[in-house]
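There are 4 protein chains.
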Amino acid sequence: MTTKPDFNVGLIGSGFMGKAHTFGYASAAKVFDLAVNPVLHTLADISDAAASKAASALGFAHATSDWRKMVDDPAIHVVNITAPNALHKDMALAAIAAGKHVYCEKPLAPLVADAREMAEAAEAAGVKTQVGFNYLCNPMLKLAREMIEAGELGEIRGFRGLHAEDYMADATGPYTFRHDPAGGGALADLGSHVLATAEYLLGPVTEVMGDCVTMIPERPDGYGGVKAVTVDDVARAFLRFASGANGSLEANWIATGRKMQHDFEVWGSKGALTFSQERFNELHFFDTRDAKGRQGFRRIEAGPDHAPYGRFCVAAGHQIGFNDLKAIEVARFLEAITSGAPEPYGFRAGLRIQMLVEAIHQSSSERAWRSVPD
Amino acid sequence: MTTKPDFNVGLIGSGFMGKAHTFGYASAAKVFDLAVNPVLHTLADISDAAASKAASALGFAHATSDWRKMVDDPAIHVVNITAPNALHKDMALAAIAAGKHVYCEKPLAPLVADAREMAEAAEAAGVKTQVGFNYLCNPMLKLAREMIEAGELGEIRGFRGLHAEDYMADATGPYTFRHDPAGGGALADLGSHVLATAEYLLGPVTEVMGDCVTMIPERPDGYGGVKAVTVDDVARAFLRFASGANGSLEANWIATGRKMQHDFEVWGSKGALTFSQERFNELHFFDTRDAKGRQGFRRIEAGPDHAPYGRFCVAAGHQIGFNDLKAIEVARFLEAITSGAPEPYGFRAGLRIQMLVEAIHQSSSERAWRSVPD
Amino acid sequence: MTTKPDFNVGLIGSGFMGKAHTFGYASAAKVFDLAVNPVLHTLADISDAAASKAASALGFAHATSDWRKMVDDPAIHVVNITAPNALHKDMALAAIAAGKHVYCEKPLAPLVADAREMAEAAEAAGVKTQVGFNYLCNPMLKLAREMIEAGELGEIRGFRGLHAEDYMADATGPYTFRHDPAGGGALADLGSHVLATAEYLLGPVTEVMGDCVTMIPERPDGYGGVKAVTVDDVARAFLRFASGANGSLEANWIATGRKMQHDFEVWGSKGALTFSQERFNELHFFDTRDAKGRQGFRRIEAGPDHAPYGRFCVAAGHQIGFNDLKAIEVARFLEAITSGAPEPYGFRAGLRIQMLVEAIHQSSSERAWRSVPD
Amino acid sequence: MTTKPDFNVGLIGSGFMGKAHTFGYASAAKVFDLAVNPVLHTLADISDAAASKAASALGFAHATSDWRKMVDDPAIHVVNITAPNALHKDMALAAIAAGKHVYCEKPLAPLVADAREMAEAAEAAGVKTQVGFNYLCNPMLKLAREMIEAGELGEIRGFRGLHAEDYMADATGPYTFRHDPAGGGALADLGSHVLATAEYLLGPVTEVMGDCVTMIPERPDGYGGVKAVTVDDVARAFLRFASGANGSLEANWIATGRKMQHDFEVWGSKGALTFSQERFNELHFFDTRDAKGRQGFRRIEAGPDHAPYGRFCVAAGHQIGFNDLKAIEVARFLEAITSGAPEPYGFRAGLRIQMLVEAIHQSSSERAWRSVPD
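In order, the protein sequences belong to chains A, B, C and D.
In this text, residue positions in the first sequence follow the numbering used here: the first is 122, and each later residue adds one.
In this text, residue positions in the second sequence follow the numbering used here: the first is 122, and each later residue adds one.
In this text, residue positions in the third sequence follow the numbering used here: the first is 122, and each later residue adds one.
In this text, residue positions in the fourth sequence follow the numbering used here: the first is 122, and each later residue adds one.
Bound conformation, chain A alone (with noise of 0.2 Å):
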């Protein structure tokens, strides 16, 4: 009954990401008014069994474990690349190659040398393309930085930022790719949104103070014996923005207790706001426009103010999940692919996240404050 042209959607992956890909294609699909109509059409990972067991959970029509091929599959339109992270580049380089345009997990890669290789691929080639940084999807994050641009919370003066969780808190657990020298880390892996947080709202960071700690120097190996971690399972920073606001981040996945502690509070002259992943939906607001006596942080509960929460759900405080800031990041980008805006978060956002990253890791290592290149 729709006229609305296909989009074969090829990915690459199955695990948590490729999910959440999955899921986040088949809400956008109903939830919102896409211009074109998103099939899940070959699903590829690391071996035909694992392929076809998860085209079939999933619902892709085809599956293989040879992604090189679906790359240059005609039929497919995007690339969605939810594989090991040391693989980003070579998928990356070949769906563009291939005129694909890509969806991409962060991070986009583990050194800014292949980040930049590959954004300038694709902008090269013209194809669209999207680095996961779902959590910016928030329709109150969103809110955030309206409020912010219109001056609601006066000259912005700083910020505080922190994604904390425990997933390496346990010294028994196993050493991962998570642990890889080239890429990991508890900065690379979440302080990675903390950064995005932060310049999506204030802009531009300048000028960086690291301190990235390693507290598990040593996890079993998986063979009985065990491995020197060397990345960081703390990373913290002092920031310098642009606008002439400072501030700082942490990241630490041996936050014990924290299970998605992505927070922030930035403070201006006239208002301030404290925001939870633990409780994303709701931003907290201090006006100090407010009556004397009568000020206070106000919980702002997500609703149909707050767009694009109403395409979930028509009324306030009845909340969107995880999977649905996937679902309007999927949105998003189609919407750039098809209305041919630029993208959201494209690889050069991703680029920027990576430099951001390597800036700090190389400040902490020279115990020094270094510039962030433009």
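Keep in mind the hints are simulated off the structure, nothing from the lab.
Take these hints with a grain of salt, some might be off.
One copy or two, it doesn't matter: identical chains are merged, so the pair holds either way.
No more than 25 Å apart at the CA atoms, straight line, and that leaves these computed lysine-lysine pairs for DSS-like [to be verified]:
id : residue 1 : residue 2
1  : K125      : K174
2  : K391      : K413
3  : K391      : K263
4  : K348      : K125
5  : K348      : K391
6  : K125      : K413
7  : K190      : K348
8  : K348      : K413
9  : K263      : K174
10 : K413      : K190
11 : K190      : K174
12 : K263      : K413
13 : K348      : K174
Nothing here was measured: the structure is a model prediction, and the numbers come from that model.
Assemble chains B, C and D onto chain A, guided by the hints.
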């Protein structure tokens, strides 16, 4: 690639709940390992134009203004009813007569007699039914019930339930179908959720004392005049449970500032639970067996330990949303249909809620306690 | 150096509330600009030894086991009664007969007739009286009342009040004077606070429907046996106010995990307030006049804008404590005595509370609504 | 009736902290079982009139405009210094020279050299000293330290501390002594509390990296002109502890909306604690030994299990206030004086804080990490 049989969905209505059903099917198909492949087959709405538009937006293959025809279509396996309450009965009976499974939004029917007729018809026909009480599908409510059943709270002594919103707080808001004497009011609309939660957690209510009050006695009729309102804006009840516990409820749709306050507290001899739908990915647990000086309500965040949360996300604290509750509801219903297991919340359960609502209304009118029939 | 006249305090009892009174006088003398200089003159207790020990610890100049003698001592200006409830009447009447001002802990007397006799005696004698409802002395409650009176919430529609603690949750806890049929029970002990708050904020209650339940029917008697308990462990009531508003209350002393949950919510046509004694330096205010998309309950922290907070601390957010509420209560009473102004919460008010408690008890026994006499 | 010896208090200053000291003595004498009877003997202030007025209001027997005379008065046992920071040194040295115990508000002295001179003088003279870091007197901080020492959190890995208020957020607020380059700034004023808490809980800090920023570079001078501000409005630091743990702090006096946000989080291998001075009668504890699916931060409410809370109130959850923290501080000091035990927070501790503050300031100026001397 999937070899699952198609399962054709017919939907009547395309408003708030019609959309929620649609999103539910789309998500459930991806998130759960269903035995069937749900297909959005036909959408029926008030006119051909409305139906076509909604079908296109929501991804249904067919559209019709004649719900009876859809109900009789042999291709349809399940009929989803999200039309105004007054139509539920005719639609459900027709669907049952056509041998279809029926998934009807709450209330099953405004009148107990009608609800009973529907439940009995379904049972006689051997079709599966479901009434939409999706808050019960929250993993944290399942956890609460499991903790109660396992004796983690000791002997259960009491319950306090509340469902407060403010969508009727504005006295200049127009008269709607929710204000109709037959089936309207805060108790039927919101209190029904509290009753469902109360019996889900503590078992049958045996006696009630109601207090139903109208605070805004007339509303604009939409034609320049006003119309008297007689249904309850606020309803309260004392509750006796068969278990020996007792409790209370409040339903309130003029609770200024409240958007989704479906809250409860359960206290037992060894522990207590508190919950708020405002933060429905959390359950707070007090355990008297915690060490002296270390006791306190602990905030349990929903995670993979709390099925079926893990279907949506492998990491705790990331949070599911309102529409995900509907996806769980869909999955449970399809599971009952395909496995032959009893429905989790069928028409008999919907009838039960109407009996409780009616008992409270009658108690309030008579200003006297009233037993609830079995 | 001070030229203020001495004001000699006689205290009967030295338990929880006896200490609180003492701390209250000591603080009030420093914190407020009183017209008199309170002197801790004589402490009366059950025996000479107990009285001496307590007097020494609390800083009273004299001690006695004969409260009647103290009451008649011409040096004493005010008699503070914190003895067991059953003794309040005799003590108060004796003090009134001796022309003393009387500051009596709640309940004024278990029986309405006794409370009335006490109130009338005091009025006939022209002495000033006070009943200890110190939660009313919270600056945030004063703020709440001022906001209501100023119309900041619009027309007041409803109230929900709760006072829940868990000090009787352990069924092995012994029978105490609080379990005595005359005057005992959760409603008298805790619900009285809710009633005081309700009328303080919304004005007179005119009609009630009560539900008083005993959940732990017998307790150890301290002599190896058990004793039947007939008073309420949980009491609930529906409330009608003279203003046209309605509401409810719950008093609960078996609320496992709760230590001091004296909470309320008030909703009006333009705004709402929520409060919890668990965090009693905060008042949460929802204002429908806030901009669209920016509305939410705002957490007002107590500060110098909320008199008499500034007497204790010049900076907001630093917080006053439970004993400070008592100091405010003391100061208000002394102000009434020295200025001749009406008492803020005299025996007449204490009588009123007992009338409400009795009406709810009778309503519960009769299972019927009951009017509250003026 | 008491046979306790009098202990005569001399107070210099009668502002915010002068009042707090006075309230502290008055409460401590009632609440604690002190070995002496504190007498408010003499109050010294800027002029005879000011001193007389304050002495009368606060209940001191004598008043003087000559603090030196009071310090030398043989009747005085302890000198309380709450005068402007720049005067602390001269006053304390004079009091020490006169053989008096000294209780000085923070900061002990703006310059480390001065603080050292004061500490050494006190030690040489054998008098007892105290610096007012009253947040450390919170029973919940004592609980936190006991839990850490008992290993309830396992190995301690990290700390995040914050003290944010907004009393300098208004750029039109005048230049005050708190803006003086010698001793002023948010780090000295607020960050000192974080440093005290950090070392109280985790032991010595060995290395710091500071970031001190001035956001409001000039303020009205009160004479129609403006005056440059060079002290920090926001100060941040990375911290290394001798224990091997690491952490961070932020001090912020332009944190719009924040009134008393002295918060911390401590994470260890087995558990974590979070605390906010905004709700300082609570400590939140996560315990990894709780059962799977039942874990969460639990809100421990202060009660008699957490000494010395029980001195103020026999029931949990009733809450102590800011002034009660001061009463505890007073009692601890008197205990040290009368028992001969070491002071809980003497001048040596105050010196330590100044050394940490200086190290952070220097680190910030030099933009380099800096060791903290022992």
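Under the constraints set out in the numbered hints, which ones does this structure not fulfil? 4, 6, 7, 8, 9, 10, 13
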